[in-house]
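So the sequences go chain by chain: A and B. Counting from 513, one number per residue, gives the positions in the first sequence under the working numbering. Counting from 3, one number per residue, gives the positions in the second sequence under the working numbering.
Hint data in this document are derived by calculation from the structure and do not stem from the laboratory. From a predicted model like this one, the values you see are computed outputs, not experimental measurements. Take the hints with a grain of salt, since some may be wrong.
As the list claims (entries may be wrong) - Calculated lysine to any residue pairs in the SDA-like style (CA-CA distance at most 20 Å, straight line):
(1) A:Lys583 - A:Gly607
(2) A:Lys515 - B:Tyr74
(3) B:Lys59 - B:Gly101
(4) A:Lys515 - B:Ala18
(5) A:Lys569 - B:Thr99
(6) A:Lys515 - B:His40
(7) A:Lys565 - A:Glu529
(8) B:Lys70 - B:Lys83
(9) B:Lys59 - A:Asn612
(10) A:Lys567 - B:Gly42
(11) A:Lys515 - B:Thr46
(12) B:Lys59 - A:Tyr611
(13) B:Lys78 - B:Phe47
(14) A:Lys583 - A:His541
(15) B:Lys83 - B:Gly55
(16) B:Lys83 - A:Pro618
(17) A:Lys530 - A:Asn612
(18) A:Lys565 - A:Lys525
(19) A:Lys515 - B:Leu48
(20) A:Lys515 - B:Glu43
(21) A:Lys515 - A:Val531
(22) A:Lys515 - B:Phe47
(23) B:Lys59 - B:Ala18
(24) A:Lys569 - B:Gly30
(25) A:Lys569 - B:Lys70
(26) A:Lys525 - A:Ser577
(27) A:Lys515 - B:Lys59
(28) A:Lys569 - B:Gly101
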Amino acid sequence: DVKVTQSSRYLVKRTGEKVFLECVQDMDHENMFWYRQDPGLGLRLIYFSYDVKMKEKGDIPEGYSVSREKKERFSLILESASTNQTSMYLCASKGRGSYNEQFFGPGTRLTVL
Amino acid sequence: GQNIDQPTEMTATEGAIVQINCTYQTSGFNGLFWYQQHAGEAPTFLSYNVLDGLEEKGRFSSFLSRSKGYSYLLLKELQMKDSASYLCPKGGSYIPTFGRGTSLIVHP
């Protein structure tokens, strides 16, 4: 059974803290993605990676960074968390080729106080 | 990535049929996906269309017209568990493009 896992389902952090969100996939997928999802705004792409050590900015990269040191793991980093980063964060992975669907992790509900 | 257009919300009755429409910009088209997302959960894949026409998969069917930049998801014999958001991202080489999704409410 294919799987994308995320390190936490719920996370509460304070303003200014450094936050790490981890995502691991077991499907040997080249592509991995980080999205945030807010009511009325849909899924917005933060960063994606198409290979190890490769990353590209999505639509809303400001305030975030990412790391992909191993193929199966894609980390999202909030250098200094702010209250407007309170959101649901979803990781996804996808095989090479436009016809392949994305597999999503269960999401991390992050609250920044 | 906001070149996908879907209705924000739809309501339907249990047992009925509902059609959720999706229009998209035809540039850079590489197929169209449909995903279902229940509240508080991750999206799950429903279908992928790259050629014109209707593809049926049980109670769910998906239609595509490439020349019109138009797709729809048809849900038959609606069940309460079909209450969810439905997303229709346009496929791309690396990055599917998502819209805001359609929230479907099924009532008894």
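Going down the list of hints, with the structure as the test:
1. A:Lys583 - A:Gly607: holds, 12 Å
2. A:Lys515 - B:Tyr74: violated, 28 Å
3. B:Lys59 - B:Gly101: violated, 23 Å
4. A:Lys515 - B:Ala18: It is violated: about 34 Å lies between the C-alpha atoms, which goes past 20 Å.
5. A:Lys569 - B:Thr99: holds, 14 Å
6. A:Lys515 - B:His40: Given pair Lys515 of chain A, His40 of chain B holds - Cα atoms ~18 Å apart, limit 20 Å.
7. A:Lys565 - A:Glu529: Violated - the C-alpha atoms of Glu529 of chain A and Lys565 of chain A are around 25 Å apart, more than 20 Å.
8. B:Lys70 - B:Lys83: Between Lys70 of chain B and Lys83 of chain B the Cα gap is close to 31 Å, so the pair fails against 20 Å, i.e. violated.
9. B:Lys59 - A:Asn612: holds, 17 Å
10. A:Lys567 - B:Gly42: Given pair Lys567 of chain A, Gly42 of chain B is violated - Cα atoms ~28 Å apart, limit 20 Å.
11. A:Lys515 - B:Thr46: holds, 12 Å
12. B:Lys59 - A:Tyr611: At roughly 17 Å apart (the allowed maximum being 20 Å), Tyr611 of chain A and Lys59 of chain B satisfy the hint.
13. B:Lys78 - B:Phe47: holds, 18 Å
14. A:Lys583 - A:His541: holds, 7 Å
15. B:Lys83 - B:Gly55: Given that 20 Å is the threshold and the Cα spacing comes to 27 Å, the pair is violated.
16. B:Lys83 - A:Pro618: holds, 19 Å
17. A:Lys530 - A:Asn612: violated, 34 Å
18. A:Lys565 - A:Lys525: violated, 27 Å
19. A:Lys515 - B:Leu48: Judged against 20 Å, a Cα distance of about 17 Å means the pair holds.
20. A:Lys515 - B:Glu43: Holds: Lys515 of chain A and Glu43 of chain B sit about 14 Å apart, inside 20 Å.
21. A:Lys515 - A:Val531: Violated. Lys515 of chain A to Val531 of chain A sits at ~23 Å, over the 20 Å cutoff.
22. A:Lys515 - B:Phe47: Given that 20 Å is the threshold and the Cα spacing comes to 13 Å, the pair holds.
23. B:Lys59 - B:Ala18: holds, 17 Å
24. A:Lys569 - B:Gly30: Holds, at about 19 Å.
25. A:Lys569 - B:Lys70: violated, 30 Å
26. A:Lys525 - A:Ser577: holds, 17 Å
27. A:Lys515 - B:Lys59: Violated, at roughly 23 Å.
28. A:Lys569 - B:Gly101: holds, 18 Å
This entry does not satisfy hints 2, 3, 4, 7, 8, 10, 15, 17, 18, 21, 25 and 27, going by the numbered hints stated previously.
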